[in-house]
Amino acid sequence: MPLRLSETDQRMLDGEMGEAARMALSVIARMAAVYEADELMDVTQAHIDGCGLLSEAGLQFAETLAAQGARVRIPTTLNMGPLDLQHWRDFGIDEDFAAKATRQGMAYEAMGCVPTWSCAPYQGYLTPRFGQQIAWGESNAVVYANSVLGARTNRYGDYIDICAAITGRVPRCGLHLTANRAGQVLIRLAGFDEALLARDEFYPALGHLIGPLVGEAVPVIEGLPAAATGDQLKAFGAAAASAGAVALFHAVGVTPEAPTREAAFQGRQPSRTVDLTPADWQAAWEDLSSAADGEPIEMVLLGCPHFSFEEFRRLVEAARAQAGRAVHQNVTLLVHTCTTSHALVERTGWLDELARFGAKVTLDTCPFHTPVVPPETKAIMTDSGKCAYYAPPELGVRVAFGSLEDCVLSAVEGRVTRRAR
Amino acid sequence: MSRTLHGKAVVPGEATGRALVSRMPITLWGGLNPATGEIPDPRHDRCGEVVTGRVFVFPHEKGSSTASAILLEAIRRETAPAAIVTAATCPILALGSIVADELYNRRVPMVVLSEPDLATIGDGDQLTVFPDGTITITVPDSGS
Chain H
1 MPLRLSETDQ RMLDGEMGEA ARMALSVIAR MAAVYEADEL MDVTQAHIDG
51 CGLLSEAGLQ FAETLAAQGA RVRIPTTLNM GPLDLQHWRD FGIDEDFAAK
101 ATRQGMAYEA MGCVPTWSCA PYQGYLTPRF GQQIAWGESN AVVYANSVLG
151 ARTNRYGDYI DICAAITGRV PRCGLHLTAN RAGQVLIRLA GFDEALLARD
201 EFYPALGHLI GPLVGEAVPV IEGLPAAATG DQLKAFGAAA ASAGAVALFH
251 AVGVTPEAPT REAAFQGRQP SRTVDLTPAD WQAAWEDLSS AADGEPIEMV
301 LLGCPHFSFE EFRRLVEAAR AQAGRAVHQN VTLLVHTCTT SHALVERTGW
351 LDELARFGAK VTLDTCPFHT PVVPPETKAI MTDSGKCAYY APPELGVRVA
401 FGSLEDCVLS AVEGRVTRRA R
Chain D
1 MSRTLHGKAV VPGEATGRAL VSRMPITLWG GLNPATGEIP DPRHDRCGEV
51 VTGRVFVFPH EKGSSTASAI LLEAIRRETA PAAIVTAATC PILALGSIVA
101 DELYNRRVPM VVLSEPDLAT IGDGDQLTVF PDGTITITVP DSGS
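Chains as they are written, first to last, in this note's numbering: chain H, 1 to 421; chain D, 1 to 144.
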């Protein structure tokens, strides 16, 4: 079926609203064919992931649009970028890389995007509301927006995100439509005790377990506690969207489209039911690590996705528990966050305390997009399932996964040290 | 000995190359080095292989939405596969190919086959992908 375009769509496609809008709508229309959508629909907010990776092609794409006078038509936030715009010199970043990264950032800002530079846009500025139709990139942000906030977005890859922002239009399909948001696979947690469910490291390992189990299907999880925090659901979703292609999950009694199992499935039957046991979880927990207990580490990476204010609180408490001991001389403890969390933390005394402990804080970026991990690095530790998943291929390191508290302890010891299991 | 399969052209185009077959879903972010065309992920069943010029055959994509940026950069650097053949539509990869077409007038054709048809493609088979989604397969002669 041919794509039905609105009058404005057609004017954009004909170049009447500028070359940038023409190219953006052309990408959207061609993607509508990929999705087998027969028309486009409005979105009222966008989050750009395409600003994050620095490549020649990505820079050329952004600068081409900006030079053509592209402007976003809807409020648009930016995912983390390739550079800590304030502190990059402290990390010994190459001047040429920094110059190109700055140019790429300026191109997106010139198009009218809000310079949030965060992969956790749901914990900062312009948080979408329930039911809002949005076009978000960044897999962890997508799964959080759909699942925890109840906003509606497909997984918008680089660079359809900015095309949606410029046109305010997306293919009408997928998770924008109510029927496609119904749960498909029922996941029952069996035999997990409350203490385990309350532990922060439970969530990334559970995401790592469920992601590959369901692929692109919508899982409905029964057995998560109503008290699960936003940070825990963020860690779960980020891991599930890395090891699998999860863009929406429901947790019965926890997330807004799942007050009951029936509501989560929209009255339909699950296509299959999977019962998960603590042994399955333990296997996923172990699968996240390639570095063994006792192995020396050179870095601890925290803040994947970007650290929230509450995660800073936990980090400070974990550092205090070291009773005056500081980060080992062979270890760099790096915390990645965004300006919105950082602005709150600046109102506490924590930054000085963390500096004395030996933690470094970096803004606007992440170790996968800016070169802060030296190439000779052999092993790192993280509390993030997503970071643990991507670090071996992307950073060429061995990785140990553990709780935030064990990450801090290991940073002090200089080797993988995990107390609680 | 050649035969023909019929699929859906997700990104229409024509290309020829030898099949590089993987049985695993892939994300190109962490799954492809665009500077070299190499698959660097030790967990991947074709780790160490170079996709450049091959018809890359795998079940479906997964993971990061940055994958389209990787494919775009690989197309710019001419390290990309000649074509991609899968058993499910891969919108993130299709996007990278479409943006490359808009920006550089170059694309990686992508075809979706049924799972049973996909399973008939052997590693090293000579494949030609056509704009209508047809694929012709020539199995290298084993000397019979």
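One should not assume that every hint holds.
With the Cβ distance kept under 10 Å, some of the chain D side facing chain H (calculated, not the full set) [unchecked claim]: (1) R43; (2) G53; (3) K62; (4) I92; (5) I98; (6) V99.
Derived contacts from chain D toward chain H, CB cut-off under 8 Å, selection only [as the list claims (entries may be wrong)]: (7) M1; (8) V10; (9) E38; (10) P40; (11) S64; (12) A87; (13) A94; (14) E102; (15) N105; (16) R106; (17) I137; (18) P140.
If you're looking for bench data, these hints aren't it; they were derived computationally from the structure.
Every value quoted in this text rests on a predicted model; they were computed, and no experiment measured them.
Here a beta-carbon is modelled for each residue, glycine too, at the ideal position from N, C-alpha and C.
Legend entry - Contradicted hints - numbers only: Of the numbered hints given earlier, those the structure breaks are 2, 7, 9, 12, 15, 16, 17, 18, listed in rising order.
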